[in-house]
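Engineer: Based on the sequences and whatever the hints tell you, model everything.
Number of protein chains: 2
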Amino acid sequence: MNELTIHLDQKSKKPMYEQLYEYIKQDIQQGRLGAGTRLPASRALSQYLDVSRSTVDLAYEQLVSEGYVESMARRGYYVCQIGSLYRLPVRQAKGTEREIADQDPCRYDFSPSGIDLDSFPYGVWRKITRNTLIDDKKDLFQLGDPKGEWQLRETICDYLHQARGVNCAPEQVVVGAGNDYLLLLLSVLLGNGRHVVMENPTYQHARRIFQQRGYQVSTVELDAHGMSVEGLGKSGGDMAYVMPSHQFPLGVVMPVKRRQELLSWASEKEGRYIIEDDYDSEFRYKGKPIPALQGSDKEGRVIYLGTFSRSIAPAIRISYLVLPVPLTSLWEERLSRFSSTVSRIDQTILDHFIKEGCYERHLNRMRAIYSRKHDILLARMKSLSSICRIHGEYAGVHILVEFTNGMTEEDAIKRAGKQGVRVYPLSAYYCDRQKTPRGQVLMGYAVLKEQEIGEAVKCLEKAWL
Amino acid sequence: MNELTIHLDQKSKKPMYEQLYEYIKQDIQQGRLGAGTRLPASRALSQYLDVSRSTVDLAYEQLVSEGYVESMARRGYYVCQIGSLYRLPVRQAKGTEREIADQDPCRYDFSPSGIDLDSFPYGVWRKITRNTLIDDKKDLFQLGDPKGEWQLRETICDYLHQARGVNCAPEQVVVGAGNDYLLLLLSVLLGNGRHVVMENPTYQHARRIFQQRGYQVSTVELDAHGMSVEGLGKSGGDMAYVMPSHQFPLGVVMPVKRRQELLSWASEKEGRYIIEDDYDSEFRYKGKPIPALQGSDKEGRVIYLGTFSRSIAPAIRISYLVLPVPLTSLWEERLSRFSSTVSRIDQTILDHFIKEGCYERHLNRMRAIYSRKHDILLARMKSLSSICRIHGEYAGVHILVEFTNGMTEEDAIKRAGKQGVRVYPLSAYYCDRQKTPRGQVLMGYAVLKEQEIGEAVKCLEKAWL
Chain A
203 MNELTIHLDQ KSKKPMYEQL YEYIKQDIQQ GRLGAGTRLP ASRALSQYLD VSRSTVDLAY
263 EQLVSEGYVE SMARRGYYVC QIGSLYRLPV RQAKGTEREI ADQDPCRYDF SPSGIDLDSF
323 PYGVWRKITR NTLIDDKKDL FQLGDPKGEW QLRETICDYL HQARGVNCAP EQVVVGAGND
383 YLLLLLSVLL GNGRHVVMEN PTYQHARRIF QQRGYQVSTV ELDAHGMSVE GLGKSGGDMA
443 YVMPSHQFPL GVVMPVKRRQ ELLSWASEKE GRYIIEDDYD SEFRYKGKPI PALQGSDKEG
503 RVIYLGTFSR SIAPAIRISY LVLPVPLTSL WEERLSRFSS TVSRIDQTIL DHFIKEGCYE
563 RHLNRMRAIY SRKHDILLAR MKSLSSICRI HGEYAGVHIL VEFTNGMTEE DAIKRAGKQG
623 VRVYPLSAYY CDRQKTPRGQ VLMGYAVLKE QEIGEAVKCL EKAWL
Chain B
203 MNELTIHLDQ KSKKPMYEQL YEYIKQDIQQ GRLGAGTRLP ASRALSQYLD VSRSTVDLAY
263 EQLVSEGYVE SMARRGYYVC QIGSLYRLPV RQAKGTEREI ADQDPCRYDF SPSGIDLDSF
323 PYGVWRKITR NTLIDDKKDL FQLGDPKGEW QLRETICDYL HQARGVNCAP EQVVVGAGND
383 YLLLLLSVLL GNGRHVVMEN PTYQHARRIF QQRGYQVSTV ELDAHGMSVE GLGKSGGDMA
443 YVMPSHQFPL GVVMPVKRRQ ELLSWASEKE GRYIIEDDYD SEFRYKGKPI PALQGSDKEG
503 RVIYLGTFSR SIAPAIRISY LVLPVPLTSL WEERLSRFSS TVSRIDQTIL DHFIKEGCYE
563 RHLNRMRAIY SRKHDILLAR MKSLSSICRI HGEYAGVHIL VEFTNGMTEE DAIKRAGKQG
623 VRVYPLSAYY CDRQKTPRGQ VLMGYAVLKE QEIGEAVKCL EKAWL
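For the protein sequence lines, the chains are A and B, in the order given. Per my numbering, the very first residue in the first sequence carries number 203; after that it's consecutive. Per my numbering, the very first residue in the second sequence carries number 203; after that it's consecutive.
FYI, nobody ran anything at the bench for these hints, they're computed from the structure. Not one of these hints is a red herring.
As the list makes no split between identical chains, a pair holds if one copy fits it or if it spans any two.
For lysine-lysine, the following DSSO-like pairs were computed, each having C-alpha atoms within a straight-line distance of at most 27 Å:
1. Lys-651 - Lys-584
2. Lys-213 - Lys-488
3. Lys-459 - Lys-227
4. Lys-651 - Lys-340
5. Lys-339 - Lys-651
6. Lys-557 - Lys-216
7. Lys-488 - Lys-216
8. Lys-436 - Lys-500
9. Lys-339 - Lys-557
10. Lys-227 - Lys-488
Structural biologist: Encoded structure:
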């Protein structure tokens with residue numbers, strides 16, 4: 203045991219046992235004390251080093267608890283095989299998905315899920331953030347209400363009532379970190395073994411969440427009025443996922459009659475629910491916004507889902523569910539212990555943003571911006587009118603382009619890509635791809651600047667004409 | 203149709219159709235146009251008002267789409283029954299749970315889940331927040347990586363490697379809004395029909411999440427070394443949920459041998475996993491922190507769960523999972539489309555807080571503060587040594603008090619309550635309450651100020667002696 207030459211500093215601030223522990227640990231890590239080596243008995247070492255026995259015991263104990271040394275009954279302490287204990291895996295290259303997207307250099311991206319952040323009121327957001335944090339508000343740093351801050355929930359109710367015709371009280375509102383999370387939470391609330399019926403095409407994100415949750419997911423066709431309620435009835439499902447105000451991606455608005463049929467379907471049987479995803483109802487450029495289905499629900503069957511991620515900024519991870527009254531007691535029973543996923547600070551900032559009128563101003567500004575981009579795109583696309591028809595306009599932030607000259611979706615995307623323009627496949631939103639109508643692509647206009655839209659369409663002319 | 207006297211303003215900024223729509227809507231809402239009333243044919247009304255036919259059509263269309271008016275084929279437009287369409291439910295009183303807690307006036311709260319926020323570096327947090335938002339950084343307001351920001355994940359890896367002996371690469375790290383969310387996400391990753399084995403007593407929050415997810419949950423006993431691996435084997439479970447560094451609520455530290463047994467159990471069969479909840483490993487006042495079990499896992503069976511909610515502030519809704527390498531590809535397959543639940547802004551603030559050394563300083567400060575409170579509480583509790591024994595000290599932010607004079611848990615809590623002191627039942631953490639050891643309570647010392655601890659123990663002397 204002569205390898206163990208240890209100089210312990212009695213005057214150090216570091217306790218003696220810790221100094222000893224560090225020495226031995228280093229010797230083991232650096233291989234000076236190999237696996238299987240027997241450490242000196244604690245009594246012997248304490249005499250050798252002239253320290254108390256408990257100093258050695260404490261150091262050995264720590265080494266044992268960290269796995270460097272093993273204590274064998276009546277045989278003493280042995281160094282463990284630690285060769286690969288602290289191996290750090292080689293860091294792989296960063297996220298593959300993003301790399302693939304970057305491979306294809308694209309000058310003009312008609313992403314249907316993009317958002318125009320050029321006009322985001324950064325200054326206002328900064329100011330509200332600063333004011334929110336200005337005092338040492340201990341409360342703000344505590345865990346908040348599992349459903350979300352009461353004040354924000356009141357504010358959301360008032361907004362929804364005025365802007366969307368949604369009838370609700372703050373008790374019905376659950377604030378959470380994004381739609382995906384809230385759909386997941388909702389699936390926990392409603393329990394296993396559900397059967398969700400979705401439109402075809404639909405928002406594939408939601409579909410994947412239900413599938414991952416082990417739900418049966420089936421699809422029924424969309425007609426000009428939205429989900430076929432006849433198809434829904436035949437499907438045997440007990441939940442319908444719809445976007446009545448502006449179907450994604452087709453842009454269909456569900457008229458009152460279909461809404462009533464849908465509500466009737468739900469009230470026919472106990473346990474049936476309609477999830478109303480009101481994802482981008484804020485943006486409508488012709489006529490007034492269509493009120494939410496929830497506002498016509500008298501039986502408590504509609505679960506309303508809204509988000510600020512699209513209307514403010516994607517980084518604002520704040521969405522909300524409006525539960526029908528009968529589900530609020532089930533929520534209390536099953537989910538009231540789930541901690542909130544949004545910090546009180548972020549909720550307070552958003553609450554001020556809405557209450558001080560910044561949200562309304564922002565929405566009006568964005569509506570004007572998107573409406574202008576929409577008009578420019580439609581005007582420019584006239585040059586392509588000999589080969590395509592436009593659908594799903596006047597709302598949201600994308601249009602649907604249907605080729606009338608037999609060009610396939612794949613072909614259109616490829617040709618556009620060669621001119622540096624990315625357009626998006628409609629087929630990606632179909633669950634049953636065989637039913638995808640031929641030759642249609644999605645073009646979102648939120649991200650491109652006004653001037654770029656014209657330039658991009660010029661490229662499309664080269665690509666498609 | 204004489205009730206309908208409408209003055210449309212040709213010069214108004216509001217379009218004519220919208221003015222018409224507003225008039226009719228108001229008349230319906232205020233009952234001047236009753237349900238069932240037939241509206242004039244659009245041609246007749248357009249002549250009567252001297253406006254274009256399309257103005258009337260557009261107004262009617264909007265009324266129909268909002269459900270005020272119904273169009274019946276070949277019969278015209280009829281006012282709908284809308285009496286209760288916009289009813290707003292009476293707002294109920296606010297959250298009952300909180301009210302119950304407020305009923306019992308308590309001067310000294312030994313909450314085991316509390317956090318000392320008096321020493322939170324508000325100024326530093328504010329400054330970092332301000333600096334993060336200082337430029338109009340569009341990127342920050344975009345949706346980030348589903349797993350969390352790469353930089354933060356690197357920072358977490360470095361921290362975990364140094365402080366906890368955890369071996370991981372950023373690819374293995376998933377950042378999410380709190381432990382509850384991450385456990386839910388994990389349960390989606392691992393699929394339905396799992397059987398989780400937990401210690402008895404354990405963290406009931408996690409237990410409820412697994413139960414709500416439809417998992418079979420069973421418990422095995424704890425001995426002085428932690429979860430009984432024999433019991434685990436017999437349980438038939440395929441997942442074990444443990445807190446090896448500091449079991450909650452008993453404070454047991456799992457020694458290396460038991461850790462090895464646990465790891466062996468996991469590697470015996472495909473699909474077995476250990477969830478290591480390392481919830482408060484930052485706080486240890488005697489000896490060095492015990493490294494995480496994850497660091498000894500060579501087979502990729504340990505899923506490590508950590509959080510900043512306890513070590514920084516509960517409002518910081520940022521936790522993280524470290525997945526074993528084999529699960530990362532499953533994650534890509536099943537969950538890579540789940541949007542991140544934490545905003546890029548919040549992640550960036552936290553990243554700077556750690557990188558600039560503020561986190562380490564904060565932890566050191568808190569460790570000193572908690573250690574001092576711990577010592578004061580232990581010193582003061584000596585006056586009660588004739589009736590109780592202390593367990594689970596030297597780590598975390600609570601102690602366990604076992605009564606040696608036959609006093610029951612219920613009795614102790616009641617008597618303490620009468621003196622204005624709240625102590626917490628150990629039985630609340632037992633799944634099988636019959637197995638709860640008699641006469642033990644939890645006392646957390648994070649929230650009380652140093653001086654209050656002495657005052658509170660004085661009250662307990664009156665209550666218990």
